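S.K.: If you're matching them up, the sequences are chains A and B in order.
For the first sequence, full-length UniProt numbering puts the final residue at 151, and the numbers step up evenly by one.
For the second sequence, full-length UniProt numbering puts the final residue at 307, and the numbers step up evenly by one.
Keep in mind the hints are simulated off the structure, nothing from the lab.
No experiment lies behind these values; they were computed from the predicted model shown.
We treat Cβ as the ideally placed atom computed from N, Cα and C, and that holds for glycine.
Misleading hints may appear alongside valid ones.
Unchecked claim - Ranges of calculated distance between the beta carbons of each label pair, as one might list FRET restraints:
no.: 1; chain 1: B; residue 1: 108; chain 2: A; residue 2: 45; range: 42 to 52 angstroms
no.: 2; chain 1: B; residue 1: 231; chain 2: A; residue 2: 45; range: 29 to 39 angstroms
no.: 3; chain 1: A; residue 1: 92; chain 2: B; residue 2: 6; range: 20 to 30 angstroms
no.: 4; chain 1: A; residue 1: 45; chain 2: B; residue 2: 230; range: 47 to 57 angstroms
no.: 5; chain 1: A; residue 1: 148; chain 2: B; residue 2: 44; range: 52 to 62 angstroms
no.: 6; chain 1: B; residue 1: 19; chain 2: A; residue 2: 148; range: 35 to 45 angstroms
no.: 7; chain 1: B; residue 1: 44; chain 2: A; residue 2: 93; range: 56 to 66 angstroms
no.: 8; chain 1: B; residue 1: 216; chain 2: A; residue 2: 121; range: 44 to 54 angstroms
no.: 9; chain 1: A; residue 1: 132; chain 2: B; residue 2: 192; range: 16 to 26 angstroms
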Amino acid sequence: MNKSQLQVEAIHNGTVIDHIPAGQGIKILQLFGLVQTHEKITVGLNLPSKALGAKDIIKVENTRLTAAQANQLALFAPDATVNLIEDFEVVEKLQLQLPEQVEGVFSCPNSNCISHNEPVSSKFRVRAVSGQVRFRCNYCEKSFHRDLMAV
Amino acid sequence: MANPLYQKHVISISDFTRAELELVIDTAVMLKTHPRPELLKHKVVASCFFEASTRTRLSFETAVHRLGGAVIGFSDSGSTSLAKKGETLADSVRIISSYSDAFVMRHPQEGAARLAAEYSSVPVINAGDGSNQHPTQTLLDLFTIYETQGTLQGLTVAFVGDLKYGRTVHSLTQALSLFGCKFYFIAPQALAMPDYLCDELTEKGINFEFRDSMEEVMDELDILYMTRVQKERFDETEYVHVASKYVLTPQVLENAKDSLKVLHPLPRIDEITVDVDDTPYAYYFEQAENGVYARQALLALVLNESL
Ligand SMILES: [Zn+2]
Numbered sequence: 001m002n003k004s005q006l007q008v009e010a011i012h013n014g015t016v017i018d019h020i021p022a023g024q025g026i027k028i029l030q031l032f033g034l035v036q037t038h039e040k041i042t043v044g045l046n047l048p049s050k051a052l053g054a055k056d057i058i059k060v061e062n063t064r065l066t067a068a069q070a071n072q073l074a075l076f077a078p079d080a081t082v083n084l085i086e087d088f089e090v091v092e093k094l095q096l097q098l099p100e101q102v103e104g105v106f107s108c109p110n111s112n113c114i115s116h117n118e119p120v121s122s123k124f125r126v127r128a129v130s131g132q133v134r135f136r137c138n139y140c141e142k143s144f145h146r147d148l149m150a151v
Numbered sequence: 001m002a003n004p005l006y007q008k009h010v011i012s013i014s015d016f017t018r019a020e021l022e023l024v025i026d027t028a029v030m031l032k033t034h035p036r037p038e039l040l041k042h043k044v045v046a047s048c049f050f051e052a053s054t055r056t057r058l059s060f061e062t063a064v065h066r067l068g069g070a071v072i073g074f075s076d077s078g079s080t081s082l083a084k085k086g087e088t089l090a091d092s093v094r095i096i097s098s099y100s101d102a103f104v105m106r107h108p109q110e111g112a113a114r115l116a117a118e119y120s121s122v123p124v125i126n127a128g129d130g131s132n133q134h135p136t137q138t139l140l141d142l143f144t145i146y147e148t149q150g151t152l153q154g155l156t157v158a159f160v161g162d163l164k165y166g167r168t169v170h171s172l173t174q175a176l177s178l179f180g181c182k183f184y185f186i187a188p189q190a191l192a193m194p195d196y197l198c199d200e201l202t203e204k205g206i207n208f209e210f211r212d213s214m215e216e217v218m219d220e221l222d223i224l225y226m227t228r229v230q231k232e233r234f235d236e237t238e239y240v241h242v243a244s245k246y247v248l249t250p251q252v253l254e255n256a257k258d259s260l261k262v263l264h265p266l267p268r269i270d271e272i273t274v275d276v277d278d279t280p281y282a283y284y285f286e287q288a289e290n291g292v293y294a295r296q297a298l299l300a301l302v303l304n305e306s307l
């Protein structure tokens with residue numbers, strides 16, 4: 001067992017999302033509505049990490065992250081690992097893949113985009129351009145860097 | 001056989017395939033030489049300009065009339081009750097499209113036409129949505145280039161002026177990149193072609209180069225596409241310095257090929273001196289006239305299974 005795992009209590013059954021870039025943990029909790037599950041959640045923020053310098057970690061009891069959720073996670077934390085736990089053992093590691101589309105998650109950074117004043121949910125095509133994730137708005141057709149995307 | 005544009009929305013030039021662009025151009029050629037005043041008989045076209053754009057609107061409405069169709073609509077949403085009543089665009093589109101066979105719209109916000117297409121029961125034709133797309137401008141540019149050169153394949157085209165904000169330039173480079181053209185981009189540093197568009201061209205393997213002056217490439221050009229450098233983008237002394245470099249005079253055209261044509265989306269202010277108008281290279285007024293044929297072609301194709 002490594003040092004950072006020791007800092008957060010092990011779980012019996014559920015999901016461990018590890019190697020989240022520091023600062024993204026809270027956003028991810030909100031994004032997946034994990035707080036509303038009433039399950040026990042352990043969150044570690046700004047834990048030391050060899051690869052990232054600092055990282056966040058989330059452990060949710062009795063909840064399995066779906067593959068679709070794991071793909072959404074890739075938008076915020078492309079290098080995160082998702083382990084499904086049964087009886088204190090890792091039974092499955094979910095692969096993160098960028099989704100082709102995200103709908104209703106971000107609002108368009110272009111303030112003159114029609115999506116802001118109309119009864120539609122935002123839609124973006126997701127593309128990786130030389131290692132960088134780009135979001136192209138379905139409506140205004142503008143492309144945005146991930147850092148510009150507000151939830 | 002149904003044409004591939006029948007009952008299709010026309011939102012963005014990037015939605016067109018090469019074959020579809022060629023179909024519009026061929027149809028424009030056909031309608032320019034052989035008018036067909038019955039192609040939109042009994043059709044009603046809504047021409048809704050949520051933002052004023054007189055020339056584009058008149059060009060569309062002329063196109064409808066020349067094909068025997070009827071026009072309903074408005075020239076500026078300020079003059080309608082729509083804005084005052086605070087109705088969403090989505091609801092306006094649902095209603096207006098129920099009155100008409102095609103919906104031509106201009107709107108100040110980006111993405112308005114794409115959104116309208118989700119709610120319209122008839123084909124939506126984008127006549128400009130904010131700084132985003134203006135596909136019929138590109139279609140008329142392509143038609144004009146084809147008309148003057150007899151082909152779109154393998155041409156050398158220089159774009160001059162404001163390449164950063166010029167959406168006509170962005171769309172036209174995207175469209176011409178389907179035909180293996182070579183581009184020169186000639187612009188002040190502050191108004192250079194955006195990186196993301198250059199990246200797209202690189203990805204597609206398009207040959208393009210940045211140059212400082214028109215003179216150094218003039219003898220290679222088939223098309224010289226001028227745009228306006230707006231004074232507002234510079235402080236005054238800087239503008240005087242910048243502007244002179246991007247003004248076209250007959251002297252600049254000295255080494256041009258005989259077949260070179262100068263295009264401009266208009267209105268021009270002072271970036272093409274009036275004495276260029278009398279040279280055989282000037283083609284911008286014919287280009288504006290061609291807008292009517294290009295729009296006739298598009299409307300005819302969208303509303304007729306076969307011509
Ligand atoms: Zn947008």
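S.K.: For every hint, state whether the structure bears it out.
M.R.: Evaluation of the provided hints:
In this structure the supplied range 42 to 52 angstroms holds for residue 108 of chain B paired with residue 45 of chain A, their Cβ-Cβ distance being about 44 angstroms. For the hinted restraint 29 to 39 angstroms between residue 231 of chain B and residue 45 of chain A, the CB-CB distance of approximately 52 angstroms leaves it violated. Range check, residue 92 of chain A to residue 6 of chain B: about 50 angstroms between beta-carbon atoms, so the 20 to 30 angstroms window is missed. A hinted range of 47 to 57 angstroms holds for the C-beta pair residue 45 of chain A and residue 230 of chain B, which are about 49 angstroms apart.
The hinted window of 52 to 62 angstroms between residue 148 of chain A and residue 44 of chain B is violated, with their beta carbons roughly 42 angstroms apart. Distance hint check: the CB atoms of residue 19 of chain B and residue 148 of chain A are about 36 angstroms apart, consistent with the given range 35 to 45 angstroms. Distance hint check for residue 44 of chain B and residue 93 of chain A: the Cβ-Cβ separation is about 60 angstroms, which falls inside the suggested range of 56 to 66 angstroms. For the pair residue 216 of chain B and residue 121 of chain A, the beta carbons lie near 50 angstroms from each other, so the given range of 44 to 54 angstroms is met.
A beta carbon spacing of about 21 angstroms between residue 132 of chain A and residue 192 of chain B agrees with the range 16 to 26 angstroms that was offered as a hint.
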